[in-house]
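Participant: Here is what each chain is made of, one letter per residue.
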Amino acid sequence: MLKVPLSVDERWNLIEKISKQTVEFGARKHTLKDAIAELTVKPLTGIPVAIAVLYGFWSFFIDFAGTLFTDGFMVRLFDEHWLPWLQSVFPGGLGNPFYALLVDAGHMENGVLVASDNCLESFGVLTSGFFVPFGVVLWAVLAFYLMFALLEDVGYLPRLAVLVDTVLHKIGLHGYAIVPTFLALGCNVPGVTATRPLETRKQRFMMITLLSVFVPCGAQIGIMQDLVPELMGWIFLTLVIGYLGFGFILNKIVAGKSPEIIMDVPPYRMPMLKNIVSKLWIRTSRFLLVAVPFVLLGCLIVGLMYLTGAMDWLATVLGPFLMSWFGVPGETVAPLIAGFLRKDLAVGMLGGLMEQGIMTTFQVFTSVVLLCIYFPCLATFALMLKEENWKEFLGSIASLIAMVLVYGGLIHLVGIMLGVA
Amino acid sequence: MGHPNVGKSVFFNRLTGAKVLESNYPGTTVDFTKGWMRFGGEDVELIDVPGAFSLEPKDRAEEVAVKILEENRDSVVICVLDASKVERGLYLALEIIERGYPVVVALNMWDVAEDKNIRIDAEKLERILGVPVVPTIAISGEGFKELVSKIKEAAPVKIEKIIENAGGVESAAVSG
Amino acid sequence: MNELEEKFGQIYFAVLGAVGLAFGAAELIASAGEGFTWGILDSSGAADPTFLPWRAIILLSAGFFYLSSVKDFAEIHQLAKAVLGSIMIWIVAGMAIWSRIASSIPGEETWFNSLEGFLASYAPPYCPEMFLLPFSLVIVYYILKEKEAER
Chain S
1 MLKVPLSVDE
11 RWNLIEKISK
21 QTVEFGARKH
31 TLKDAIAELT
41 VKPLTGIPVA
51 IAVLYGFWSF
61 FIDFAGTLFT
71 DGFMVRLFDE
81 HWLPWLQSVF
91 PGGLGNPFYA
101 LLVDAGHMEN
111 GVLVASDNCL
121 ESFGVLTSGF
131 FVPFGVVLWA
141 VLAFYLMFAL
151 LEDVGYLPRL
161 AVLVDTVLHK
171 IGLHGYAIVP
181 TFLALGCNVP
191 GVTATRPLET
201 RKQRFMMITL
211 LSVFVPCGAQ
221 IGIMQDLVPE
231 LMGWIFLTLV
241 IGYLGFGFIL
251 NKIVAGKSPE
261 IIMDVPPYRM
271 PMLKNIVSKL
281 WIRTSRFLLV
291 AVPFVLLGCL
301 IVGLMYLTGA
311 MDWLATVLGP
321 FLMSWFGVPG
331 ETVAPLIAGF
341 LRKDLAVGML
351 GGLMEQGIMT
361 TFQVFTSVVL
371 LCIYFPCLAT
381 FALMLKEENW
391 KEFLGSIASL
401 IAMVLVYGGL
411 IHLVGIMLGV
421 A
Chain Z
1 MGHPNVGKSV
11 FFNRLTGAKV
21 LESNYPGTTV
31 DFTKGWMRFG
41 GEDVELIDVP
51 GAFSLEPKDR
61 AEEVAVKILE
71 ENRDSVVICV
81 LDASKVERGL
91 YLALEIIERG
101 YPVVVALNMW
111 DVAEDKNIRI
121 DAEKLERILG
131 VPVVPTIAIS
141 GEGFKELVSK
151 IKEAAPVKIE
161 KIIENAGGVE
171 SAAVSG
Chain H
1 MNELEEKFGQ
11 IYFAVLGAVG
21 LAFGAAELIA
31 SAGEGFTWGI
41 LDSSGAADPT
51 FLPWRAIILL
61 SAGFFYLSSV
71 KDFAEIHQLA
81 KAVLGSIMIW
91 IVAGMAIWSR
101 IASSIPGEET
111 WFNSLEGFLA
121 SYAPPYCPEM
131 FLLPFSLVIV
141 YYILKEKEAE
151 R
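Those protein sequences? They're chains S, Z and H, same order as listed.
Here the numbering used here is used: the first residue of the first sequence is 1, the next is one more, and so on.
Here the numbering used here is used: the first residue of the second sequence is 1, the next is one more, and so on.
Here the numbering used here is used: the first residue of the third sequence is 1, the next is one more, and so on.
One chain only, chain S, in its complex shape:
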């Protein structure tokens, strides 16, 4: 008599018996779809296809978010209508703390406080606080998730995973890592959640740490593309090098194993409009729910810190360190503080500083990269707390600090050597 539960062997034996009686495998002929599927995972043909797909992704993103919505309509709406209107009807006026907090903090020009002429300089809750999420980021996120949903539903993503598998193996990760990484490019929060199918704690720890440090989210990418389009190539290159480099180091020093992950490559499918629309809606509304309150809160906190003089104090205290180690001016303290809450707001604030002309191109580049890597946003941070145990969490934070100091310093060093810093 058999014992229940069955052993693994017995179960397979039983399945074999059952399937012999019920399943019939007909002659298998390759279809065109199979042939295409094969070509897209072979490196020789797969890599050019991947380049084309990523090019399409990025082009669509830029033209949809940048050209059409942000530059086409939103900048005009906010800078030429919303800001002047608020400046004219809001009680208080320049210099009034309440007005500064909500509408326009203004800035010093030759010792005179002058009004801002765009929604990035103004730093107000109602101006910058609305322009960042609705003027720039919403469109970027929408464009990103639209393309992403398309890639997901067609079934291309796992194939990309197979293609990059060899490269990622060298840093102890697997092709599957491309899925959380790609997701994190939309928002780090779902990216971190998507590390759950990774088998060992080591893999998850590495993945979460690398994601939260080196992968900028869609909101951030959108606003970076808006402010410094000419630097995007360099920024991404720097981040990719950091991702792979620190992945390699982490793999060497973190104890544990990185076993093989067997991932099924699903068949290509025709995407369905209904599913794409519903996904777009779920993800975008989730984003708005998380992002908007934090952006407004961030604006408020930074505004208050300026008003109370705390920001100037911090800039004086931290300025020398920031300048000597990273080569960025003390004024970047404000964006760095905002960045604890939201990265997109932080980059937007950097844009305000840029327009005042107090930074060199290289300093802009360094501070944008620093903003990407120095700390995950609050939402991601909270999720890391939940997903990791306290030891791993402390490990993540420690490696995060180490990476920022080392990598930030390294970028400065390279800048000095190239003579651009």
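Any given hint might turn out to be false.
Which chain S residues stay away from chain H? Per the calculated CB distances, all over 10 Å, these [claimed, not checked]: (1) 7; (2) 35; (3) 55; (4) 64; (5) 67; (6) 95; (7) 98; (8) 108; (9) 112; (10) 169; (11) 196; (12) 253; (13) 265; (14) 330; (15) 404; (16) 414.
Derived lysine-lysine pairs resembling DSSO-like cross-links, with alpha carbons at most 30 Å apart [to be verified]: (17) 71/H <-> 145/H; (18) 274/S <-> 145/Z; (19) 145/Z <-> 58/Z; (20) 158/Z <-> 145/Z; (21) 58/Z <-> 252/S; (22) 33/S <-> 116/Z; (23) 202/S <-> 67/Z; (24) 42/S <-> 170/S; (25) 116/Z <-> 147/H; (26) 34/Z <-> 116/Z.
Source of the hints: derived by calculation from the structure; they are not laboratory data.
A quick note: this is a predicted structure, and the numbers were derived from the prediction, not measured.
The beta-carbon is built from N, C-alpha and C at its ideal position, and this holds for glycine as well.
We have chain S; now place chains Z and H onto it with these hints.
Facilitator: Frame of chain S, contents of chains Z and H only:
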């Protein structure tokens, strides 16, 4: 329950009208979602769980799946199988049956199996397993009505009965 | 597909592949220095210089895909190469068109573009990808033929 990327979330959305992310790659669902569906005049709770290869969890997503199964001892389990990879799916289905859950088997991705020239005798499979077996195509919704109507017929089956129907099984003890 | 269709496909995609290679090479040269404009064909990539080298790579690959599909064209693994070549051209050409659409809607000074401004956005010259687009569509016929045969 079922393997990763067999269409569990598509089932869930179809049956409950909820909106859970569906994608064409494994590992989309990593947490569970609860929803309600109308069934025979009353509201029944349905849970969408992450994909699992077996009931011995290997990663966080599988842990979630197994935990939900254990927390809901008296529920009916809809086992979603990839019809083009029946054998792998049956392993999980048998595990669940052994644990005494009433099961309905959905042979999903029936169209993919047909493309691959795999033919499954669903009726015979149903006779052997002793639980309802329904071919489905979740994306287009084929077979859903039948599946829902058969949930009532789901009852716990003794594994010995299945072994008997299948014509016995070589015991592992004999082979060593 | 029958013999005639296969013969035609071979010649057609050999030529298209060669043209694709030529266009890709032209873009690659343009991205390194001077681009050339020939009538309504503009290979200088003036519309979007940042990604010109990438587009050149994609066009070159598409050209290679076409050319390597020619031998034993009716065999599906070979046909699949031509299909992928076309898909790559659809992506780059589609994005070139999308880029024009995106910049044609908002106006310079007004919310929306004037009708003249809108239409002017679609005036020539066109980039090489857009020239290849209509010719690459021929593959659809072969895809449909193959689908029919699979049934």
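Participant: Against each hint, give a clear statement of whether it holds in the structure.
Facilitator: Status of each hint after checking the structure:
1. 7: holds (42 Å)
2. 35: violated (4 Å)
3. 55: violated (5 Å)
4. 64: violated (7 Å)
5. 67: Residue 67/S is in fact no farther than 10 Å from some Cβ atom of chain H, at 4 Å.
6. 95: holds (33 Å)
7. 98: For residue 98/S, whose nearest Cβ neighbour in chain H is about 32 Å away, the distance exceeds 10 Å, so it holds.
8. 108: Holds: least Cβ distance 32 Å, greater than 10 Å.
9. 112: holds (30 Å)
10. 169: holds (25 Å)
11. 196: Given a closest Cβ separation of 32 Å, the condition holds.
12. 253: The claim holds: residue 253/S sits with its nearest Cβ about 36 Å from chain H, beyond 10 Å.
13. 265: holds (16 Å)
14. 330: Answer for residue 330/S: holds, closest chain H Cβ roughly 33 Å.
15. 404: Holds, because the least Cβ-Cβ distance between residue 404/S and chain H comes to about 29 Å, which exceeds 10 Å.
16. 414: Its Cβ never comes within 10 Å of chain H, the nearest being 22 Å, so this holds.
17. 71/H <-> 145/H: This hinted pair holds, its Cα atoms lying about 18 Å apart.
18. 274/S <-> 145/Z: Within the cut-off at roughly 21 Å; holds.
19. 145/Z <-> 58/Z: Violated. Residue 145/Z to residue 58/Z sits at ~34 Å, over the 30 Å cutoff.
20. 158/Z <-> 145/Z: holds (27 Å)
21. 58/Z <-> 252/S: Holds, because 23 Å separates the two Cα atoms, which is no more than 30 Å.
22. 33/S <-> 116/Z: It holds: about 11 Å lies between the C-alpha atoms, which stays within 30 Å.
23. 202/S <-> 67/Z: holds (23 Å)
24. 42/S <-> 170/S: holds (19 Å)
25. 116/Z <-> 147/H: holds (14 Å)
26. 34/Z <-> 116/Z: violated (34 Å)
The earlier numbered hints that this structure contradicts are 2, 3, 4, 5, 19, 26.
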